[in-house]
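**Student:** Spelled out, the chains give:
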Amino acid sequence: MRIALFVTCLADTMFPQAAKATVRLLERLGHEVVFPTGQTCCGQMHINTGYQQEALPLVRRHVRTFDPYDVVVAPSGSCVGSVRHQHAMVARRAGDEGLASRAESVAERTYELSELLVDVLGVTDVGAYYPHRVTYHPTCHSLRMLRVGDRPLRLLREVRGLDLVELPAAEQCCGFGGTFAVKNADTSTAMLADKMRHVLATGADVCTAGDSSCLMHIGGGLARLRTGVRTVHLAEILAATEQSGIPGEPSELVVRS
Amino acid sequence: MSSRDLVLGRLRAALAAGDPAPVEVPRDYRSEGTLDLDRLVERLTDYRAHVHRVPEAAVADTIADILPAGATIVVPPGLPPAWLPSTVTALVDEGLDNGRIGAADGVVTGAAVAVAETGTVVLDGSPDQGRRVLSLLPDRHVCVLRADQVVATVPQALARLSPHRPLTWISGPSATSDIELNRVEGVHGPRNLHIILLL
Amino acid sequence: MTQTFLGMPATAPPGVGHLRGEEPFPVAARRALADSQLRRNVGHATTTIRAKSGAVIGELPDWEHLRAAGSAIKADVLARLPELLEQLEAKVTQAGGVVHWAADANEANRIVTDLVSATGSDRVIKVKSMATQEIGLNEALADAGIEPVETDLAELIVQLGDDRPSHILVPAIHRNRAEIREIFLRAMPGVDPALTDEPAALAAVARRYLRQTFLSTKVAVSGANFAVAETGTLAVVESEGNGRMCLTLPETLITVMGIEKVVPTWRDLEVFLQLLPRASTGERMNPYTSMWTGVTPGDGPQAFHLVLLDNGRSAVLADEVGRQALHCIRCSACLNVCPVYERTGGHAYGSVYPGPIGAVLSPQLTGVADNASLPYASSLCGACYDACPVKINIPELLVHLRDQVPHPRGESVAMAAAAYTMDRPRLYEAAQRAARLSRLAGRRGRGLPPPLNGWTASRDLPDPPAQTFRDWWAER
Numbered sequence: 270m271r272i273a274l275f276v277t278c279l280a281d282t283m284f285p286q287a288a289k290a291t292v293r294l295l296e297r298l299g300h301e302v303v304f305p306t307g308q309t310c311c312g313q314m315h316i317n318t319g320y321q322q323e324a325l326p327l328v329r330r331h332v333r334t335f336d337p338y339d340v341v342v343a344p345s346g347s348c349v350g351s352v353r354h355q356h357a358m359v360a361r362r363a364g365d366e367g368l369a370s371r372a373e374s375v376a377e378r379t380y381e382l383s384e385l386l387v388d389v390l391g392v393t394d395v396g397a398y399y400p401h402r403v404t405y406h407p408t409c410h411s412l413r414m415l416r417v418g419d420r421p422l423r424l425l426r427e428v429r430g431l432d433l434v435e436l437p438a439a440e441q442c443c444g445f446g447g448t449f450a451v452k453n454a455d456t457s458t459a460m461l462a463d464k465m466r467h468v469l470a471t472g473a474d475v476c477t478a479g480d481s482s483c484l485m486h487i488g489g490g491l492a493r494l495r496t497g498v499r500t501v502h503l504a505e506i507l508a509a510t511e512q513s514g515i516p517g518e519p520s521e522l523v524v525r526s
Numbered sequence: 303m304s305s306r307d308l309v310l311g312r313l314r315a316a317l318a319a320g321d322p323a324p325v326e327v328p329r330d331y332r333s334e335g336t337l338d339l340d341r342l343v344e345r346l347t348d349y350r351a352h353v354h355r356v357p358e359a360a361v362a363d364t365i366a367d368i369l370p371a372g373a374t375i376v377v378p379p380g381l382p383p384a385w386l387p388s389t390v391t392a393l394v395d396e397g398l399d400n401g402r403i404g405a406a407d408g409v410v411t412g413a414a415v416a417v418a419e420t421g422t423v424v425l426d427g428s429p430d431q432g433r434r435v436l437s438l439l440p441d442r443h444v445c446v447l448r449a450d451q452v453v454a455t456v457p458q459a460l461a462r463l464s465p466h467r468p469l470t471w472i473s474g475p476s477a478t479s480d481i482e483l484n485r486v487e488g489v490h491g492p493r494n495l496h497i498i499l500l501l
Numbered sequence: 402m403t404q405t406f407l408g409m410p411a412t413a414p415p416g417v418g419h420l421r422g423e424e425p426f427p428v429a430a431r432r433a434l435a436d437s438q439l440r441r442n443v444g445h446a447t448t449t450i451r452a453k454s455g456a457v458i459g460e461l462p463d464w465e466h467l468r469a470a471g472s473a474i475k476a477d478v479l480a481r482l483p484e485l486l487e488q489l490e491a492k493v494t495q496a497g498g499v500v501h502w503a504a505d506a507n508e509a510n511r512i513v514t515d516l517v518s519a520t521g522s523d524r525v526i527k528v529k530s531m532a533t534q535e536i537g538l539n540e541a542l543a544d545a546g547i548e549p550v551e552t553d554l555a556e557l558i559v560q561l562g563d564d565r566p567s568h569i570l571v572p573a574i575h576r577n578r579a580e581i582r583e584i585f586l587r588a589m590p591g592v593d594p595a596l597t598d599e600p601a602a603l604a605a606v607a608r609r610y611l612r613q614t615f616l617s618t619k620v621a622v623s624g625a626n627f628a629v630a631e632t633g634t635l636a637v638v639e640s641e642g643n644g645r646m647c648l649t650l651p652e653t654l655i656t657v658m659g660i661e662k663v664v665p666t667w668r669d670l671e672v673f674l675q676l677l678p679r680a681s682t683g684e685r686m687n688p689y690t691s692m693w694t695g696v697t698p699g700d701g702p703q704a705f706h707l708v709l710l711d712n713g714r715s716a717v718l719a720d721e722v723g724r725q726a727l728h729c730i731r732c733s734a735c736l737n738v739c740p741v742y743e744r745t746g747g748h749a750y751g752s753v754y755p756g757p758i759g760a761v762l763s764p765q766l767t768g769v770a771d772n773a774s775l776p777y778a779s780s781l782c783g784a785c786y787d788a789c790p791v792k793i794n795i796p797e798l799l800v801h802l803r804d805q806v807p808h809p810r811g812e813s814v815a816m817a818a819a820a821y822t823m824d825r826p827r828l829y830e831a832a833q834r835a836a837r838l839s840r841l842a843g844r845r846g847r848g849l850p851p852p853l854n855g856w857t858a859s860r861d862l863p864d865p866p867a868q869t870f871r872d873w874w875a876e877r
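Chains as they are written, first to last, in the working numbering: chain A, 270 to 526; chain B, 303 to 501; chain C, 402 to 877.
Source of the hints: derived by calculation from the structure; they are not laboratory data. The model shown is predicted, which means the values in this text are computed figures rather than measured ones. Each residue gets a CB set at the ideal place from its N, CA and C atoms; glycine is no exception. One or more of the hints may lead you astray.
As the list claims (entries may be wrong) - Derived coverage of chain C by chain B (criterion: at least 3 residues anywhere in the stretch with Cβ under 8 angstroms from a Cβ of chain B; other residues may be distant): (1) 480-489; (2) 502-508; (3) 571-577; (4) 596-609; (5) 709-720; (6) 795-802.
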């Protein structure tokens with residue numbers, strides 16, 4: 270299958286390892302990955318901060334960039350959530366019905382990684398090997414906007430060597446929320462503190478999720494506390510094999526002190 | 303311009319721009335259910351109501367067991383006299399003042415409807431239930447319920463009730479969730495609720 | 402011309418009532434977050450209620466159908482609001498009630514105060530009511546020399562503690578049993594100092610304290626959960642029996658209700674009487690629900706007044722997206738699942754409507770400029786939408802309102818620049834490189850520059866990678 274990668278601006282700029290892992294994984298499963306270079310940002314940051322008008326050209330760009338492809342995948346529940354639940358709305362409020370219906374069409378063909386694997390490609394065992402104790406944080410947008418349900422867990426359960434431990438109060442938000450973490454930093458920090466407490470209680474050495482943004486938030490907190498627990502994107506775990514070197518290591522947060 | 307015209311004018315102006323389409327209400331939730339008296343008992347008990355299942359002939363004896371001998375109770379004018387034991391003094395409400403009602407040891411009423419699924423009895427002010435104040439001020443409420451007054455679901459109960467009567471839906475004794483969000487029985491209404499369910 | 406102007410939807414007036422906070426949410430939240438007792442109390446209570454509510458909702462196989470029906474009934478109500486209110490007015494009047502219309506808080510307060518004064522009573526007993534809190538009725542009554550007595554246990558705790566409500570359903574949720582005991586000992590005359598902090602003992606004290614007041618007060622003020630247009634029936638849903646006391650014992654009953662509380666038909670109650678208690682207190686049914694239609698000769702108050710309150714609701718209705726906030730049945734399920742509310746408590750929101758619903762309702766009632774920080778008081782996690790029994794899409798509303806908020810100038814400039822750059826891939830690539838260089842070369846340390854430094858105050862930002870994804874892809 271020919272799959273267009275919607276890399277997301279955050280993964281492109283800050284967490285390319287998640288995007289590279291997505292490419293490696295899909296190619297290993299026998300699919301062709303293409304990267305439309307016209308893509309930049311889906312506009313979610315603008316929309317969620319209250320700048321829909323400024324987001325309109327970004328929505329238009331996104332739709333134009335991905336309209337030619339039958340299947341689009343992103344290693345982010347949040348960005349897929351924006352494509353699916355916000356793009357047509359922004360276009361419609363701007364009075365551009367044509368863009369809105371094209372956005373809806375692109376949204377129908379856009380999948381978060383675990384959705385693509387389980388629903389479209391029909392696999393749960395992707396042949397991965399990852400010998401770590403791992404806990405999974407279901408990010409809010411993948412959980413409640415996309416309803417990915419247990420798809421990520423089904424994928425993780427098939428990973429050889431992986432010891433999956435349940436995260437207490439998993440469905441509670443980590444406190445990131447994009448602009449929320451900036452405008453309401455204190456409340457965000459209080460939420461993060463509880464999330465970290467739960468992560469540490471699992472005894473896992475890796476916390477994974479389907480969104481680099483939430484992982485950046487959780488990982489940033491864990492690093493500040495010098496906990497030794499790493500955050501690794503779901504794609505990187507699924508891309509890891511016996512042959513791919515020391516799994517997880519390249520993705521470790523490097524933090525200057 | 304009157305405030306009535308002002309408010310209605312504002313609302314019409316607010317709706318004028320969008321002209322909302324008529325809304326079809328989906329009614330595919332359950333309207334009826336299978337009647338299960340055991341469920342009613344279980345749900346009443348769960349909310350700390352005391353349930354007594356007896357034949358009608360045993361109502362007076364049951365009430366005698368619930369109320370101490372010599373107790374004074376208030377009763378609505380249409381309550382069947384056969385339900386009352388000789389061990390208590392019954393004041394029939396023909397305009398009792400609130401002080402006497404509040405001083406009574408209990409009240410005995412009938413009921414209009416009961417909902418099994420929620421453990422609810424509803425009073426509608428019929429002659430065997432009386433004025434609302436009767437079942438409010440005494441600390442002990444004994445409510446006699448016939449099996450044919452019980453329905454399974456809330457929709458069935460509403461269908462049986464008249465909106466033109468004052469209705470009191472009662473689910474367990476007076477309670478509050480205001481202290482740490484735990485249900486605690488016993489605030490202003492009757493703190494003891496006895497349901498006599500006739501066999 | 403003037404008439405057209407007067408008929409335009411209007412927001413709630415400033416200077417009266419409790420819809421506007423004195424400080425922005427982040428400032429108020431910071432203080433609340435520092436109060437660890439508050440966080441424990443609120444966290445304990447919301448955890449309890451979530452479990453209870455989840456269990457009784459799980460008992461209903463048709464919960465989602467009920468939600469869909471409840472949402473549709475409310476949408477229907479809003480679409481036909483003027484005619485339904487006229488119908489309600491006619492039916493209540495026919496049944497012996499008197500209907501009053503209040504364009505805003507000031508008018509509602511004046512109507513109620515005049516009605517009470519006309520009875521000669523210098524005291525009213527009150528059933529917990531969001532509408533009367535919203536308009537600041539207690540203050541207006543007190544100014545007129547009338548003592549308002551809150552009879553709901555939590556409201557009583559708030560009133561005696563000279564405190565402010567912090568939750569829609571349980572206004573004293575921020576107080577634990579030990580604190581409640583102290584308030585009672587301090588503020589209630591004649592309380593036995595041996596009083597324990599057992600909830601049942603505390604409830605018994607409130608019972609004794611209020612009983613004589615119930616029996617001797619001639620006027621009651623209530624809110625309404627529902628008003629049925631086709632029959633003129635009002636409904637009050639409660640737990641303690643204080644509602645029954647107020648609705649039954651006085652000679653005069655005055656009910657103040659937001660205009661959105663009307664429902665079209667008697668049958669519609671079958672939906673809301675299932676949704677509300679399960680979503681609200683986590684009960685299959687609340688202990689007491691009272692329904693009355695006008696005046697019943699020989700039973701209950703013989704004078705009944707219904708005050709229909711706008712106070713900004715027409716302005717909410719005018720926003721086609723925003724109007725769904727008027728679906729709210731005040732169950733507070735969204736508060737109980739909100740990770741922000743759970744940590745800050747309700748006072749930080751500044752309005753009588755706290756939590757997620759408050760963050761979308763208060764700014765719409767007042768106009769967004771007066772509550773500009775509230776639409777941002779959410780991480781958009783979506784738990785509120787899932788919990789809402791009438792399916793108000795609160796995250797969508799928050800985003801919608803953020804778009805209307807007056808933005809700080811620096812932020813506007815930055816966002817416009819970012820959008821400009823992101824719409825030009827070459828510029829975007831250059832910016833990616835520049836950001837990497839500045840991080841690698843200049844800014845040693847873990848912080849981001851203002852205004853983003855709030856985030857890095859407690860989190861470490863990872864170093865930018867040596868290569869962006871698109872550079873890696875180009876080299877493949």
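**Student:** Each hint needs a verdict: does it hold in this structure or not?
**Tutor:** Evaluation of the provided hints:
1. 480-489: holds (count 5)
2. 502-508: holds (count 4)
3. 571-577: holds (count 4)
4. 596-609: holds (count 7)
5. 709-720: holds (count 6)
6. 795-802: violated (count 0)
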